[in-house]
Structures are given as C-alpha cells and as structure tokens.
Amino acid sequence: NAGVTQTPKFRILKIGQSMTLQCAQDMNHNYMYWYRQDPGMGLKLIYYSVGAGITDKGEVPNGYNVSRSTTEDFPLRLELAAPSQTSVYFCASSYKTGTEAFFGQGTRLTVV
Amino acid sequence: AQSVTQPDIHITVSEGASLELRCNYSYGATPYLFWYVQSPGQGLQLLLKYFSGDTLVQGIKGFEAEFKRSQSSFNLRKPSVHWSDAAEYFCAVDNYGQNFVFGPGTRLSVLP
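Chains as they are written, first to last, in my numbering: chain A, 1 to 112; chain B, 1 to 112.
If you are wondering where the hints come from, they were derived from the structure by calculation, not from laboratory data.
A portion of the hints provided could be inaccurate.
Unchecked claim - Below 27 Å or equal to it, Euclidean Cα-Cα: the simulated DSSO-like pairs (lysine-lysine) are:
id, chain 1, residue 1, chain 2, residue 2
1, B, K49, A, K96
2, B, K68, A, K96
3, B, K49, A, K14
4, A, K9, B, K68
5, A, K44, A, K57
6, A, K14, A, K44
7, A, K57, B, K61
8, A, K14, A, K57
9, A, K96, A, K14
10, B, K68, B, K49
11, A, K44, A, K9
12, B, K49, B, K61
13, A, K57, B, K49
Unchecked claim - Short derived list, chain B residues pointing at chain A, Cβ under 8 Å:
id, residue
14, P7
15, R77
16, L111
Claimed, not checked - Pairwise CB distance ranges (calculated):
id, chain 1, residue 1, chain 2, residue 2, range
17, A, S18, B, G16, 45 to 53 Å
18, A, S18, B, F51, 16 to 24 Å
19, A, G51, B, A17, 29 to 37 Å
20, B, S80, A, G16, 49 to 57 Å
21, A, I54, B, G16, 43 to 51 Å
22, B, Q71, A, I12, 39 to 47 Å
23, B, G53, A, D56, 39 to 47 Å
Cβ atoms here follow ideal geometry from the backbone N, Cα and C, with glycine treated the same way.
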C-alpha cells in the first residue's frame, strides 16, 4: 500500500534555484493538497486541487506553482527559491468532501 | 475564514497520567473535525474524526475526543498516557469541503 508518495525526502537549494517536489497517490483520490509546516505554525495550505485539471490557491501560494494533469500526480514547483521557503512540505490527498486526508512523509527543503 | 486554535503549545505529563489536549474551532456550519498525530520526522496520521452523530468519538491508540457545539471545542483525551504517545498533535477542520485548516499543534512530552 503506497498511499501518498513524496520525492525527494530532503533537498538543499541555493537561492534563486528552482525545483519540483513530486507527489503521487495511488488511492484514486480526487482531492490533493500541498501544505508547508514551519515550527509553531502548524500546517499552512499552499495549493489544492479538487480534480484533474483544477487547481486553486491556498493561504500561502506566493513563490509556488502547481499542475494537476492526472488524478494521481500533483507536483509543486518552486521558482527562484528564497530562504523563506525553507520548510517541510507535505502532500496529502482525500477521496471526497468530508473524508480524512492521507499524508505523505514530507520533503524537508533548505534554501541557502 | 475558518480557524482552529490549540491553546497549549507544549504539554508535559507523566507516563500513566491522563491527558486532555484542547482544540477550539471557528466554523459557520456543522464541522467535520479531525485529530492527527505526527511523530518526529514523519507525516501525519489520523487519530480520529467527527462527522455527525455521537459527540464522543473513539480513535486509534486509545484516544477519544468529544465534540461540544456550544463551546466550539473538540478536545482530545486519553486516560493513561504511554511513553510512545510523545509526539505533536494537530486538530483540523474540513474547510467547506475544499481543503483542511489545521491548528498550530500541541507538542506532548511524556516523563517516565
């Protein structure tokens, strides 16, 4: 049972570099989410998607982009990395409204 | 906007003692509520959820939570804490079926 798979687990970026955080789920979930977790701040929603081809901004979208071309995949793109994007990123998915979210193991990103 | 507050940033209890973690939410409709647990370096795991019906819900690992509409609360309880319960605990609310809003988390330490 793979569930939600995130890659990579760790990454160090230099300021101004770009990268894509990968997220895939094998549960045929319609809803997918990207959150970032900073100490003492809980999880903040970056982007979410309610189905293939549909994405929407969350609370903290600046500096990020997403796409959802398939039900399974929801990559998060960081353009021009900044130190403020140092964080732990979690991808999650859920089946439908009112059901729980399943989380990946996270990607720890450091921007130096 | 929906919000979730967890008034206690850090709680320390002795092994075998009872535990109550507080959660208050701000939501305009009947809420779907969740408690998640995060062990160090791991993703979030669902402990329990409330959708409707009985206001006392049972979860995994011996946890339970009580929904009190009049107090806008969904407190998590466990009668006897084990050392393995040391982790961070997050309360969350379904945000009108679009995504989830999380509280800032409560870190639980357990003394031997």
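Hint check results:
1. B:K49 <-> A:K96: holds, 15 Å
2. B:K68 <-> A:K96: holds, 25 Å
3. B:K49 <-> A:K14: Not satisfied, since the Cα-Cα distance of roughly 40 Å exceeds 27 Å.
4. A:K9 <-> B:K68: It is violated: about 39 Å lies between the C-alpha atoms, which goes past 27 Å.
5. A:K44 <-> A:K57: Since the Cα atoms of K44 (chain A) and K57 (chain A) sit roughly 11 Å apart, the hinted pair holds (cutoff 27 Å).
6. A:K14 <-> A:K44: Holds - the C-alpha atoms of K44 (chain A) and K14 (chain A) are around 23 Å apart, at most 27 Å.
7. A:K57 <-> B:K61: Violated, at about 35 Å.
8. A:K14 <-> A:K57: holds, 25 Å
9. A:K96 <-> A:K14: violated, 38 Å
10. B:K68 <-> B:K49: holds, 14 Å
11. A:K44 <-> A:K9: holds, 19 Å
12. B:K49 <-> B:K61: holds, 14 Å
13. A:K57 <-> B:K49: holds, 26 Å
14. P7: violated, 13 Å
15. R77: violated, 19 Å
16. L111: Hint violated; L111 (chain B) Cβ to chain A Cβ min 22 Å, cut 8 Å.
17. A:S18 <-> B:G16: 45 to 53 Å: holds, 51 Å
18. A:S18 <-> B:F51: 16 to 24 Å: violated, 41 Å
19. A:G51 <-> B:A17: 29 to 37 Å: violated, 46 Å
20. B:S80 <-> A:G16: 49 to 57 Å: Given a distance of about 52 Å, which is inside 49 to 57 Å, the answer is holds.
21. A:I54 <-> B:G16: 43 to 51 Å: At roughly 49 Å between Cβ atoms, G16 (chain B) and I54 (chain A) fall inside 43 to 51 Å, so the hint holds.
22. B:Q71 <-> A:I12: 39 to 47 Å: Between Q71 (chain B) and I12 (chain A), where Cβ atoms are some 45 Å apart, the hint holds.
23. B:G53 <-> A:D56: 39 to 47 Å: With Cβ atoms ~31 Å apart, the hint is violated.
Consistency note: the structure conflicts with the earlier hints numbered 3, 4, 7, 9, 14, 15, 16, 18, 19 and 23.
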